[in-house]
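Peer 1: These protein sequence lines are chains G and Y, in that order. 1 is the number of the first residue of the first sequence in this note's numbering; add one for each residue after it. 1 is the number of the first residue of the second sequence in this note's numbering; add one for each residue after it.
Hints listed in this document are in silico derivations from the structure and should not be mistaken for laboratory results. The structure presented is a predicted model; accordingly, all values stated were derived computationally and were not measured. Built from N, CA and C at the ideal position, the CB exists for glycine as well. Treat each hint with caution, since some may be false.
To be verified - Across the chosen pairs, the derived CB separations fall in these ranges: (1) G:Arg393 <-> Y:Gly63: 22 to 28 Å; (2) G:Leu366 <-> Y:Cys104: 47 to 53 Å; (3) G:Thr397 <-> Y:Glu27: 38 to 44 Å.
Listed below are the residues making up each chain.
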Amino acid sequence: MIWNETFECMSREEMRRCQSRRLVDMVERVYHNVPFYRKKMQEMGVGPEDIRGIEDLPKLPFTTKQDLRDNYPYELFAVPMSEVVRVHASSGTTGKPTVVGYTRKDLATWSEVMARTLTAAGVTRHDFVHVAYGYGLFTGGLGAHCGAEKIGASVIPISGGNTRRQLQIMHDFGSTALACTPSYALHLAEALMESDYNRDEFKLRVGTFGAEPWTENMRREIEEKFRIKAIDIFGLSEIIGPGVSSECTCQNGLHVFEDHFVPEIIDPVTLEVLPEGADGEIVFTTITKEGLPLLRYRTRDLTSLDYSPCRCGRTLVRMKKCFGRSDDMLIIRGVNVFPSQVETVLLEMKETSPHYIITVDRKNNLDTLELQVEVKEEFPFDRISELQKLTDRIKRTMESALQISLSVKLVETKTIARSEGKAVRVIDKRKIGNRE
Amino acid sequence: MTVKQLSVFLENRSGRLTDVLETLGAENINITSLTVADTSEYGILRLIVSDAEKALQLLKSNGFSAGLTEVIALSIPHQVGSLAKILKTLSDNQLSIEYIYAFCLGDKAIVVLRTDHRAKAFEIITNNHFTPVSENDIKNM
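Construct the entire structure; sequences and hints are all you get.
Peer 2: Here's what the structure looks like:
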């Protein structure tokens with residue numbers, strides 16, 4: 001099933017014309033409305049008149065997460081705030097979140113691309129869509145929600161957490177489609193197997209899973225344990241949220257909704273655009289966005305693009321499952337975590353040194369994060385209660401800065417290796433995101 | 001009237017206690033008492049030694065997380081019920097104790113305790129004629 005055949009199945013030639021038209025219009029808008037981009041383009045000696053079509057995309061400047069941070073919270077918005085009807089946010093590299101804004105038209109675009117995503121997964125107006133992504137500043141919940149409403153499905157906005165209740169509602173309400181992170185899907189599947197419920201009494205048949213990297217093995221495990229079809233979806237709040245690209249039921253690459261988000265693959269070191277099919281960092285230009293239009297946004301996700309037509313009939317370019325990152329960002333239970341955030345918090349505490357080790361693991365299909373922290377030499381070591389209080393305080397401060405739960409382990413002074421060049425601060429035991 | 005106690009923060013790793021003892025032994029520091037308060041992740045080793053200041057420098061320079069704590073030590077008869085008697089006096093006077101441990105030496109026993117209300121503790125000790133132990137006493141044990 002295809003939600004919007006006009007755009008999802010147009011010829012490559014038509015798609016390029018559509019992208020060209022929209023890019024020219026977008027560059028005009030950002031040049032005149034966003035001082036940051038005007039300055040950047042002037043420095044490069046590029047004006048709106050130099051951008052005649054999609055082939056001129058490489059002439060434009062890149063945008064990074066750091067740029068969003070430097071212009072926190074609203075400086076990159078291209079419309080007056082009176083036009084912004086919604087804001088979302090995700091974690092930034094240090095204390096401050098990355099803020100994104102949507103106009104009414106942007107929300108309509110988001111619903112459209114999520115409607116395409118759900119339709120590509122085989123979801124229709126007859127489905128009950130169980131949205132177990134978190135609702136709130138995180139884009140997952142509301143993104144899936146609006147797309148499901150747009151196709152006319154019945155939405156169950158249960159949000160994340162409380163696994164027992166998830167199963168009860170799924171069972172009693174007759175949920176047929178599940179939207180959440182893949183690790184939570186697997187957790188739910190296993191909770192169902194261990195519960196008193198009988199799988200045959202559930203109507204669940206499909207799931208759209210994203211917001212974190214997962215492997216083909218994990219897909220097979222979810223499909224076998226849950227007895228559903230598991231569809232990989234991709235998105236990031238900077239571009240729009242979920243709905244940037246999605247697999248169809250062929251499960252062979254994620255179709256990029258490139259009439260809105262134009263992808264390029266670049267070499268993360270030289271920043272050169274790489275030829276079709278090459279592995280590299282995927283970069284998006286949001287050619288229809290009004291609130292926060294971004295030129296060549298560097299996602300840091302590593303993948304490749306395939307322009308050959310898909311068996312499903314879509315002509316949209318397909319990106320492979322991401323196989324890694326070109327920075328040190330971790331995705332833990334769908335939340336972006338940067339080691340630099342941990343360092344920022346530790347530097348503000350008097351009792352700890354800024355040396356730490358983050359250990360990420362996956363236990364019972366849920367990501368865990370353990371933080372090892374060195375206590376400073378001057379700490380009065382005599383009382384367990386003082387150490388316990390310190391542990392609790394670090395945990396609370398970190399959890400509020402990182403927006404995920406974690407455990408804290410105090411270690412002896414000077415036992416964490418000091419950096420000689422590039423320090424190993426992160427141990428990821430999950431074995432995901434690697435090439436398969 | 002207090003005694004310096006050495007407190008060492010130790011991760012629960014095998015061989016860690018031996019490291020401390022060998023470091024002290026190599027510099028001829030004698031240990032009068034030793035206890036460990038443990039949690040699932042780490043422990044605090046509490047020691048009364050022949051030369052607390054020297055031991056502290058030694059441990060710190062060898063990379064251990066250590067500090068000194070002033071504790072109160074009392075000498076009591078090594079007899080049935082004598083510790084209970086002392087504790088009852090302390091609790092009757094509403095003195096809260098952070099932690100306590102004891103060890104025997106022949107017909108005597110030494111009780112070591114930490115309280116945050118030291119002045120009050122001294123008052124009770126004086127009023128009830130308990131026998132405090134000084135650092136010198138410990139060195140001569």
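Peer 1: Which of the listed hints are broken here?
Peer 2: none
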